[in-house]
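When you get a sec, could you build the whole thing from the sequences and use the hints?
Number of protein chains: 2
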Amino acid sequence: MKKAGRPVIPRKTIYRLSIYLRCLARLRENDIGTVSSEALAKAAGVKPTQLRKDLAYFGTFGTRGLGYDVKELSVKISDELGTTSLQPVILVGVGNLGLALVSYRGFEKEGFEIVAAFDAEPNRKRDKQIKQPILGMDALPGFIREHAVKMAILSVPAAAAQAVANQLIESGVTGILNFSPIVLAVPEDVMVNNVNLAIELENLSYFIHG
Amino acid sequence: MKKAGRPVIPRKTIYRLSIYLRCLARLRENDIGTVSSEALAKAAGVKPTQLRKDLAYFGTFGTRGLGYDVKELSVKISDELGTTSLQPVILVGVGNLGLALVSYRGFEKEGFEIVAAFDAEPNRKRDKQIKQPILGMDALPGFIREHAVKMAILSVPAAAAQAVANQLIESGVTGILNFSPIVLAVPEDVMVNNVNLAIELENLSYFIHG
DNA sequence: AAGCGTTTGTGAAAATATTCACAAATTTAG
DNA sequence: CTAAATTTGTGAATATTTTCACAAACGCTT
Ligand SMILES: NC(=O)c1ccc[n+]([C@@H]2O[C@H](COP(=O)([O-])OP(=O)(O)OC[C@H]3O[C@@H](n4cnc5c(N)ncnc54)[C@H](O)[C@@H]3O)[C@@H](O)[C@H]2O)c1
Ligand SMILES: NC(=O)c1ccc[n+]([C@@H]2O[C@H](COP(=O)([O-])OP(=O)(O)OC[C@H]3O[C@@H](n4cnc5c(N)ncnc54)[C@H](O)[C@@H]3O)[C@@H](O)[C@H]2O)c1
Chain P
1 MKKAGRPVIP RKTIYRLSIY LRCLARLREN DIGTVSSEAL AKAAGVKPTQ LRKDLAYFGT
61 FGTRGLGYDV KELSVKISDE LGTTSLQPVI LVGVGNLGLA LVSYRGFEKE GFEIVAAFDA
121 EPNRKRDKQI KQPILGMDAL PGFIREHAVK MAILSVPAAA AQAVANQLIE SGVTGILNFS
181 PIVLAVPEDV MVNNVNLAIE LENLSYFIHG
Chain W
1 MKKAGRPVIP RKTIYRLSIY LRCLARLREN DIGTVSSEAL AKAAGVKPTQ LRKDLAYFGT
61 FGTRGLGYDV KELSVKISDE LGTTSLQPVI LVGVGNLGLA LVSYRGFEKE GFEIVAAFDA
121 EPNRKRDKQI KQPILGMDAL PGFIREHAVK MAILSVPAAA AQAVANQLIE SGVTGILNFS
181 PIVLAVPEDV MVNNVNLAIE LENLSYFIHG
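Order-wise, the sequence lines are chains P and W.
Just so we're aligned: 23 in my numbering is position 23 of the first sequence, and the numbers increase by one with no gaps anywhere.
Just so we're aligned: 190 in my numbering is position 190 of the second sequence, and the numbers increase by one with no gaps anywhere.
Any given hint could turn out to be false.
Said to hold, decoys possible - Each computed EDC-like pair below joins lysine to aspartate or glutamate, with the alpha-carbon atoms no more than 16 Å apart: (1) P:109 with P:29; (2) P:12 with W:200; (3) P:150 with W:200.
Please keep in mind that the hints were generated in silico from the structure rather than gathered at the bench.
In structure tokens form, the structure reads like this:
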């Protein structure tokens with residue numbers, strides 16, 4: 001679960017490293033060679049000391065008096081996050097949301113590729129204009145094992161989510177990005193990241209009202 | 001920004017209250033009248049003490065020896081979150097993702113209604129089978145003011161996100177659910193919740209690999 | 001090559017968040 | 001009605017995360 005022989009890096013730090021990586025990418029696009037912790041932190045929406053502390057968990061990359069080399073820091077963070085090679089991901093549930101996700105071309109440049117989609121009714125969905133194959137659920141276990149897929153996006157209705165999650169885990173998936181509005185019960189060696197849009201709205205609503 | 005005259009409730013607690021509310025809803029569907037902190041915490045994926053501590057921020061609702069009344073606790077949490085009345089939300093950017101969100105019928109039962117959608121090219125989108133009107137960006141400021149809209153879902157391309165956010169804020173929006181993969185710069189009385197799917201995948205990837 | 005200005009890296013301190021431990025309240029069984 | 005069994009609510013203890021404060025390191029200018 002954790003990188004062996006290395007300090008345990010807090011979950012929140014890992015999350016922020018992803019943000020830094022995206023800010024650095026934009027600096028690179030603008031041909032900016034070096035950046036100070038102050039400038040990068042501002043772009044990422046955090047405090048400079050937090051940025052430096054985050055980086056300190058896995059190395060020292062800056063030059064005092066100057067700042068960080070944009071390209072070098074990008075590579076170091078990528079290395080740490082393990083996003084240097086393209087990772088295969090599958091998606092289950094090609095409905096309204098699933099289709100939008102499968103069509104999205106933005107994941108590839110961030111290191112992920114949705115290699116196949118699965119649905120209980122694959123034939124109804126086959127006419128869609130997407131490059132991935134849409135397969136039936138019977139093909140799921142074989143595909144996962146054959147392609148050594150470790151991550152899945154789950155966008156089926158809430159009522160089906162736990163059952164589908166069980167199938168995924170059974171076949172070897174250990175990371176699930178769950179869009180259905182329920183809390184999945186999973187073994188502790190499986191990690192679930194929930195994206196619950198109603199909760200995000202509710203949260204916003206609470207904090208913006210007096 | 002905060003509820004006046006009440007204790008400050010941590011952001012993470014507010015987030016979990018939303019989760020408890022959804023677990024309670026499912027208990028209600030199953031006609032379960034009371035629940036212990038242990039059972040509810042298990043359903044929500046947290047520890048019982050944390051659940052009790054979270055509730056303690058804004059009241060005491062349980063009966064010792066018995067647990068919580070499911071219906072009563074639901075109402076109390078809803079009250080606290082302010083989700084007792086339907087809130088209007090607008091969406092800007094009716095592309096692949098935006099269309100899925102606008103079509104989604106699940107928000108209403110959670111207290112939110114997407115009342116209108118906006119796009120730079122509304123006419124190209126008008127053939128879609130959705131109940132909301134799709135309007136041009138020129139109609140945005142008027143609509144926001146007229147309907148006193150406070151929250152917006154932003155699903156435009158990254159390159160347009162900051163400019164659109166500025167327009168929203170200018171017109172009176174104070175809460176933005178941002179799907180574009182950039183960090184928005186906003187005044188401090190405006191709150192942004194980011195949903196960045198690539199980061200969620202990256203995060204999963206980190207923790208599942210050894 | 002010396003001095004100045006800048007910016008990093010990091011222990012220590014402060015702030016937050018979680019968990020523990022247990023008294024108090026209440027139900028249930030007898 | 002009493003005693004045993006539960007389960008809450010919460011102060012105190014831990015753990016985690018963020019922020020502070022400043023010495024050390026480096027580039028740049030002269
Ligand atoms: N669409 C949104 O904007 C949105 C927003 C928030 C949350 N969600 C959640 O995301 C999930 C998907 O939403 P949606 O709007 O795309 O729903 P949808 O009904 O459009 O699509 C669900 C898809 O899952 C497939 N499916 C159903 N049972 C299955 C099973 N057992 N195995 C495999 N596939 C199965 C269906 O055939 C369908 O294609 C839901 O849980 C929903 O609550 C969606
Ligand atoms: N589709 C996905 O699954 C997905 C996943 C992760 C992130 N995102 C992010 O969500 C956002 C939307 O993604 P998408 O796939 O729906 O993109 P899209 O290109 O399909 O849709 C974008 C829509 O925004 C409209 N638009 C463009 N500029 C505008 C402006 N200035 N004002 C108003 N409307 C404007 C376009 O007309 C289009 O309808 C992007 O930022 C993308 O990076 C999408």
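Please name the hints from earlier in the document that this structure breaks, with their numbers sorted from lowest to highest. Of the numbered hints, all hold.
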